[in-house]
Amino acid sequence: MTSHQLVGRLLKPLVFVAALTPFLWLAWRAVMGNLGANPIEAVTLVTGRWTLRLLLITLTVSPLRRLTGWQPVVRFRRMLGLFAFFYGSLHFTIYVAIDQFFGWSFILADIAKRPYITVGFAGFVSMMPLALTSTTGWIRRLGGRRWQRLHRLVYLSALFGVIHFLWKVKADTRDPLLYGAVLAGLLGFRAWRAVQSRMLAPSAG
Amino acid sequence: MLIGRAPGIRSSEITPERLYVNRREFIRAASGGAVGAVGLLAGVGEAGLAGSVPAAAQQPLSGVSASPLSTDEKLNSFEDITTYNNFYEFGTDKSDPARYAGSLTTRPWTVKVDGHVARPAEYDLDDLIKPHQLEERICRLRCVEAWSMVIPWVGVPLADVIGRMEPTGKAKFVEFTTLYRPTQMPGLLRPVLDWPYVEGLRLDEAMHPLTILAVGLYGKSLLNQNGAPIRLVVPWKYGFKSIKSIVRMRFVENAPPTAWAVANPREYGFYSNVNPDVDHPRWSQARERRIGEFFRRPTLMFNGYADQVASLYAGMDLKKNY
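Chains A and B, in that order, give the protein sequences.
For the first sequence, our numbering assigns the number 1 to the initial residue and increments by one for each residue that follows.
For the second sequence, our numbering assigns the number 1 to the initial residue and increments by one for each residue that follows.
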C-alpha cells in the first residue's frame, strides 16, 4: 500500500470514526438516560469542549507537517475542521433549540448582553464561511491564495472559543487556561515561522 | 419494604422513618434487585462513581416532625440531589463531590461557637442538635447558576440553636466556616477560592424561621456531598449561601468576608438573595431550570419566599445590595 492509499483507505476512516466517537458516546448516554441530573447542561458542555478540542487539533496539522515533514497529514485537515464545525453546530443548536427552546427574545438578549455568549456566537459564526468553502470547488473558485487568507479566520474561531470558555466558568479557570495555552503554542509556532521566513527572505516583504 | 410516593401526598405527611424512594428509583431497584439498589445509591452515568456513596454513611433519623413551612412541590429525586452538587472542596465538577466526598470522616464532629456570644463553646454535633426538635423541611434551592431543586431536608431552625447560645448586643452577623481538611478534601489543594469557605448572615436573617441547620435529607442523615454532618439552608438566597460541613459559627459586629464575594466582589455580594431582576453580570437570573424539567421557569423574587422574608430588606436597594 502506498502512503497515499494508507491515508485514504485506512487512516482517514479511522480518524473519522475517532472524531465521531464523542458524539456517538453522547448519543448513547442520552438514549440510556445516563447524562446525570442536568442532561441539557451535560450535552451543552460536552459538545462545546469537543468543538474547541477539534479546532485545536485542526490547528496542529500544519505545525505537525512542518515539524515531521510528513506531507500527507494535511489531508486530515478539512475533515477535522468540519468535525469542529459539526460539534459547534450541535453546541449552538442545543443552546437554541433545547436549552432556550427557541426563546428568541432571551437568545438575542444573551447574545447582545452576555459577553461570553457574544464571543461564543462570534466564534461559531466565524466557522461558517470556512465550512461553506471547504470544498475543492470553492478552493478553485476563490483561488488558493484568497482561500487561504479566508481560512485564517480559524485562528479567530479558536481564540473566541477559548475566551467563551474562560468567561463562562465561575472560578475554576484551569481548563480554559489549558486550552488557551495550547492555542498560544499553536499560534506562536506560526508566528515564529512567519518571522523566520521573513528574515530568510527579506526581499519577499 | 419499598413504597412508591403517591402524587399529591406530601412526604412530610407520611411516616418519617419510611424509606423514601421515588418512582424511578423504585422501578430501577425493583428490576435490578441488589445491583439496582447499589446503582441508585451510587448514581449512574459515571463509571468511576460506583461505590463512592456509602449507604452505611446514612443513618435513619427518628422523631422527625413535619414542618408547616414546607412546600408541596414535587421533590427532586434522591439521586439528583446526591449526584449533582457544588461543593468545591471536593472539586469543581458537579459529579466530583459524589465521587470524592465518601472518604470524609464526619465523626467525631464539633462546631466551635465564639465571638459575641454568652455561651461560647466547642459543641459536639449531638449537643448542638439533640436538644431541638428535628423537622422535615421541604424547600426550593435556587443555585446562582440558574438551576433549582426541591429538597426534603431534615434539620432544626437555626434560631432555636442560636437562642441557646445567647448572642450579645454586639452580635450583628453570624459567620460560618466550612471544614478545611486537605487530606480528605482534594479540592482544597487548588486555590480556586480563598479557603476555608466562609459564609455569613445578618443576625435577623439567621434568626428567621425559614433558616435551618440541616443534618438530614430524605429522612436520613446527610451524605457527605450534601454537606454532612451539618449544613445551613437559607432557601431565599442563592445556594452558595447555604454553607456545608460547618465547623465554626462566630458572632460578629460586621458583615464577614464571604467566600464568593471575596473571590469576585463584582459578581457576588454579601446578601445574594434570589432576585430575577438583578442579573449575574455574566448571565440572566430571570429564569431557571428546575432539575428534571425541560422548560425553564421564571425565577421568583426571594425564590418564592417573598411573603416571609421581604420585610427583612424593607427600604434596601437590592440592586446595590446584591
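Don't read these hints as lab results, they were simulated from the structure.
Bear in mind that the values here come from a model prediction, so they are computed numbers and not experimental data.
Please note: incorrect hints may appear among the correct ones.
Here are the simulated distance ranges between beta carbons [stated by the list, open to error]:
#1 A:A184 to B:R181: 34 to 40 Å
#2 A:F106 to B:A314: 50 to 56 Å
#3 A:W147 to B:R181: 55 to 61 Å
#4 B:F294 to A:V17: 30 to 36 Å
#5 B:L318 to A:L20: 22 to 28 Å
#6 A:I139 to B:K319: 29 to 35 Å
#7 A:A171 to B:K319: 46 to 52 Å
#8 A:N34 to B:D160: 40 to 46 Å
#9 B:D277 to A:W25: 52 to 58 Å
Backbone N, C-alpha and C fix where the C-beta goes; we use that ideal spot for every residue, glycine too.
Checklist entry - Checking against the hints above, which ones are violated? => result 2, 5, 6, 7 and 9
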